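With the sequences and hints as input, model every part of the structure.
Position in the sequence shown (first residue = 1) + 104 = my numbering.
Simulated from the structure, these hints should not be mistaken for laboratory data.
It is possible that some hints are incorrect.
DEER-style ranges, computed between Cβ atoms [as the list claims (entries may be wrong)]:
#1 Arg-323 x Ala-185: 45 to 51 Å
#2 Asp-310 x Gly-335: 20 to 26 Å
#3 Ser-359 x Ala-185: 41 to 47 Å
#4 Gln-225 x Lys-166: 17 to 23 Å
#5 Gly-335 x Lys-166: 36 to 42 Å
#6 Gly-302 x Ser-183: 34 to 40 Å
#7 Glu-330 x Ala-192: 50 to 56 Å
#8 Cys-191 x Asn-312: 24 to 30 Å
All values reported here derive from a predicted model rather than from experimental measurement.
C-beta atoms are modelled at their ideal positions from N, C-alpha and C, and glycine is treated no differently.
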Amino acid sequence: MQLHFLKAGLFTTIQDQGRVGFQAFGVPTSGALDRAAAALANQLVGNPADSPVLEITLMGPKIQFVGEGEIAITGANLSAALNGEACASNQLLSITDADQLQFGRPEAGCRTYVAVRGKWQVPRWLSSRSAITQNGSTLTPQSIIKKGDVIQVETPTESPATFASIQSGSAAKPTEIRVLPGPEFERFSRFSIGEFFGKTYQITPDSNRMGYRLKEKLRSFSPDQELISSGIIPGTIQITASGQPIILLADAQTSGGYYRIANVLSEDLDHLAQFKPGDRLRFALISFEDLS
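What follows is the structure, encoded as structure tokens:
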């Protein structure tokens, strides 16, 4: 089966479960921001969990299929329609030749995932098909979707051994994001810590797959000294010298010199992926003992 992109959408990329083992060389993990939704889509079509999917942000593409197969749509509700008729999420959908899939108004969430049953004919780079979207897009050009692109998927002939539908709540965003103390947590004053957890934050338009910048600043924070650049991971919350929090995501750099006040739980990173600019959130501190 082939996917012909009549429209690319706002920002559509190919992602899998990420590029692991190369962070020491400055290569970000990348991969689906909502990993649970991506894995669920692959589960529905009978693919391994780390198979590629389309990650669609807010405004979706228009795709014409050539050939027959099965797809599944998970994550955000972006008003998906198959041949002009609304189609449900979290279900196995059969595709016939010349079918068209398109998306409309965002109703809930930010990112939708589309899995196609079979082996995607997309090149790997460092063991992953995930797009590198910052400063390295030439390394994975076929994983960043443009109008006119064609993706070929080698579809198996046997019927998929899979679920017809699965319930998922990944697009239902919690208002509180759980975090653990970061490496420099003890370097913040009790006033700054109280301010950090007492605020409600708004995600700014200056946000992307590298990270979410938050509008509200910590007025009581003043760094006592410069830090040597240290390792960071998806979910690290840095506080800039001006007091602005930044939540780092999958495409972020692998080291940085800002104070790291906290780290988002992996499970809540999936929820965070469904927040869009303008959405509001708060942080809730938990301890390592809470995880045991």
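Results of checking the hints against the structure:
Roughly 47 Å separates the CB atoms of Arg-323 and Ala-185, a value that falls within the hinted 45 to 51 Å. Under the hint 20 to 26 Å, the C-beta atoms of Asp-310 and Gly-335, about 24 Å apart, fit the expected range. Ser-359 and Ala-185 have their C-beta atoms about 43 Å apart, which keeps the hinted 41 to 47 Å range intact. Hint check: Gln-225 to Lys-166, Cβ distance near 21 Å, so the stated range 17 to 23 Å holds.
Checked against the hint of 36 to 42 Å, the pair Gly-335 and Lys-166 passes, with Cβ atoms roughly 41 Å apart. Between Gly-302 and Ser-183 the beta carbon distance is about 37 Å. The supplied range of 34 to 40 Å therefore holds. One distance hint, 50 to 56 Å for the beta-carbon pair Glu-330 and Ala-192, holds here, with the actual separation near 53 Å. Against the hinted window of 24 to 30 Å, the Cβ-Cβ separation of Cys-191 and Asn-312 comes to about 28 Å, which satisfies the hint.
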